Amino acid sequence: MMSFEFLPQFPLPANPLALFGVLLLAGALGGELTRRVLNLPRITGYVLIGLTLGASGLDVLDSRMLGYARIFFDVGLGLVLFELGRRLDFTWLKRDRWLLVMATAESLLSFGCMFGALLWFHIAPLYAAVAAAIGISSSPAIVMLVARELRAEGQVTERALNLVAINSVVAFVLMTMLLSWIHREYHAGWFVMVLHPVYILVGSLFAGFLASVLALGLARWLGKKAELHIALLLAVVLLLVGAAEALKLSVLIALLTFGVLVKNLDDDHVLMPVDIGRLGQMFFIVLFVTTGAMLQITDVVAGGAVAVIYIAARFVGKSIGVLSFAHLSGIRAGIGGLLSIALLPMSGIALAMTHSASSLYPAFGAKLATIVLAAALILELIGPLAVQFALRHAGEAREEA
Amino acid sequence: MAAHEMDFKPSQDLSIGVELELQILNSRDYNLARDAADLLKVLEKLEHPGEIKPEITESMIELNSSIHTRHEALLAELKQIRDAVVEAAARLNLNIAGGGSHPFHKWSERRIYPTERFGHLLEVYGYLAKQYTVFGQHIHIGCPNGDEAVYLTHMLSRYIPHFIALSASSPFQQGADTGFQSSRLNTVSAFPLSGNMPFVTTWGEFVAYFEKMRGFGIVESMKDFYWDIRPKPEYGTVEIRVLDTPLTVEHAARLAAYAQTLAHYVLTRRPLPASADVYLVYKYNHFQACRYGLAATYIDAYTQRQLPLQRDILDTLELLHPHAAKLGTSEALGELRADADTRNSDANWLREMYRELGSLNDVARRQSEEWMGRAAARG
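One line per chain: the protein sequences are A and B, in this order.
Take the first sequence: its letter number 20 is residue 20 in our numbering, and every next letter is one higher.
Take the second sequence: its letter number 190 is residue 591 in our numbering, and every next letter is one higher.
Since the hints were derived computationally from the structure, they do not count as laboratory data.
These numbers come from a predicted model, not from an experiment.
Some hints here could point you the wrong way.
The calculated EDC-like cross-link candidates involving lysine to aspartate or glutamate, where the alpha carbons are at most 16 Å apart (straight line), are [said to hold, decoys possible]:
no.	chain 1	residue 1	chain 2	residue 2
1	B	Lys531	B	Glu456
2	A	Lys263	B	Asp763
3	A	Lys263	B	Asp430
4	A	Lys224	A	Glu149
5	A	Lys224	B	Glu757
6	A	Lys225	B	Asp763
7	B	Lys624	B	Glu640
8	A	Lys94	B	Asp408
9	A	Lys224	B	Asp430
10	A	Lys225	B	Glu757
11	A	Lys225	B	Asp430
12	B	Lys507	B	Asp578
13	A	Lys224	B	Asp763
Make the full structure from the sequences, and use the hints.
Here's what the structure looks like:
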């Protein structure tokens, strides 16, 4: 009897590598198409192609596929947060305390406004609090990538990135602390209530710290060789993303901590200021495509008015926070307004946080999703435009024909 | 109007003034930043002597001292201006550095500072305008009249290699070691109106030359001549422009003291007549000084001898003793002598830093720390 065992069996098993290729290619093409045809930022295109391929569209990227894509999503997010962390400059914050005050103010005010608005809409306090905590964070991925695409540089760009880094920290910490409340709601024991947030917070911070010590130690030994430093950082980022997942820690907190510490603990300047963005670029594209695929148009319908109020309250809170202190920290007139606009986007982080809430208590996650994901989708699409607008009007984009 | 503009406005004999072009660096990788406009905005609110102005690209600023007759007063003022700039930069998370070139910036990434004049320069000179993101020190020496200014210009031309070698601080360009002590001047030589003043001997002849050039439509004002050394009638000065911005204001003030003392010697002693021969050897000497700094060979047009540039500098410093005593520049010249003796230059220091630290980012960082040094420690 003839045996055809050397031939592949149908249906073909899903192959994560091929999936990565598809996501990357789809993103690259979609981004370019969006730029050419609609004259919108490429990032919007990555998300749109994700939406098209996801459940809202052709449903090519169904939940099983998204499960495979999850790892690329995490790596992309990890890289973004690491890069963002490296931008957070303690020396600057020490010298310009108003910037720190501004960052804290906009984080807390936006939380307050969103929380209040959601309560007003009769959302249960716990959901309102968690949704508001998630909303504190501006999308580091969108702000960084738009800045990169425009090759923007200057005070608005730098300040926006530092504000995003700080509001991400506040959001992650607050969200972790709210875990206690979620556990209580679902009648978990008191030790879970107390220990889970502590484990995540302390564990993730410690993991980030270890990673930075490791990276700095190895960088010292390697010497000043740019290629080796790029490989080193990429390796430690991947290692840390994997470790954080395996240990059920927060990828977000761990990677942000790693970035912040590797920059701010490096007193002897042993680590070269290498740019891992170019290598990271492909992960960033996949991150946005996946984000798009995870979001659903139906969410917007379900979220509806609440999402719009949530977005408005968030913007109001952030703007008041920024504008109240802009004249003390800023330099030019109008810089506060541009900064407020640049902080508008919200994205993958919100998804990741909603996801981690769902993995604990699916019912909770589902309810939360109706509030947060609609807003995430809307802001994912207009966010890049907002940042582009802000950086161009600040005169910091470098686009010369 | 033309005559008026070329009237040589007499200024106090041997007064000095300094202009320094400086680098604005970010705090992340110490590449050039683009924040000149914001930095100048902050500086408007800070009290400081002198003046601070934009330069051709957004990564530069220029600081001007007032007019001085004493070296200590000049140095004290330069320190004050430096401290103000450093304070303003700190608020914006920027760093300021001296040095004739940024070690690794890419000229194509530069942006022209948005004024009409700079926009015009970009149009005229194309990429040269962006490559002109190099940083020089200009020294003004006050002259009583135009004829003296012309004479002083020719006499100082003999000493141009001294200034190049003593200030050289641009060994790196665009991410590579150029092998030069001052690579900055190679960027300047690309401009069609660079070089030196023609051999005229009176102010009248000079004005005639200028009017002819203007008649041809080659220049509109004295600003269009990018000469190494040129008379500046509106200030009543002779302006030496070949120096790289040194790594510290102290060194900048020392070099100004050297120029002042030399001018004192030239104008009080009138040791030699102006000679066109100086310009026969001029380019050779210029190149040697740029390439090798204090290790260069020098040709003395008056004696028609070749000697080490280091020797000529040390001999000159010796000759200037009595003049330095009169002007109060002995200490400054003593420090220059020590540098010349040991062939110690900013360019060598930068190369040393690169060997020690292993990356040009670190070189740029140390370069800025050196310039901001004491001010940062105090703040």
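Tested hints:
1. Using a Cα cut-off of 16 Å, the hinted pair Lys531/B and Glu456/B holds, with the two alpha carbons roughly 11 Å apart.
2. Note on Lys263/A and Asp763/B: the hinted pairing holds, with a Cα-Cα distance of about 14 Å set against a maximum of 16 Å.
3. Restraint check for Lys263/A and Asp430/B: satisfied, since their Cα atoms lie roughly 11 Å apart, inside the 16 Å limit.
4. As the CA atoms of Lys224/A and Glu149/A are separated by approximately 28 Å, the hinted pair breaks the 16 Å bound.
5. Only pairs whose Cα atoms come within 16 Å are accepted, and Lys224/A paired with Glu757/B is accepted, the gap being roughly 11 Å.
6. For the proposed pair Lys225/A and Asp763/B, the alpha carbon gap of about 13 Å is at most 16 Å, so the pair holds.
7. Between Lys624/B and Glu640/B the alpha-carbon distance is near 11 Å, which keeps this suggested pair within the 16 Å criterion.
8. At roughly 53 Å between alpha-carbon atoms, Lys94/A and Asp408/B are farther apart than 16 Å, so this suggested pair is violated.
9. A threshold of 16 Å between alpha carbons decides the hint, and for Lys224/A with Asp430/B the separation of about 14 Å falls inside it, so the pair holds.
10. A hinted pair counts as satisfied when its Cα atoms are at most 16 Å apart, and Lys225/A with Glu757/B qualifies at roughly 14 Å.
11. Pair hint Lys225/A plus Asp430/B holds up; C-alpha atoms about 15 Å apart against a cutoff of 16 Å.
12. Using a Cα cut-off of 16 Å, the hinted pair Lys507/B and Asp578/B holds, with the two alpha carbons roughly 14 Å apart.
13. Note on Lys224/A and Asp763/B: the hinted pairing holds, with a Cα-Cα distance of about 10 Å set against a maximum of 16 Å.
Hint compliance for this structure: hints 4, 8 are not met, and every other hint is.
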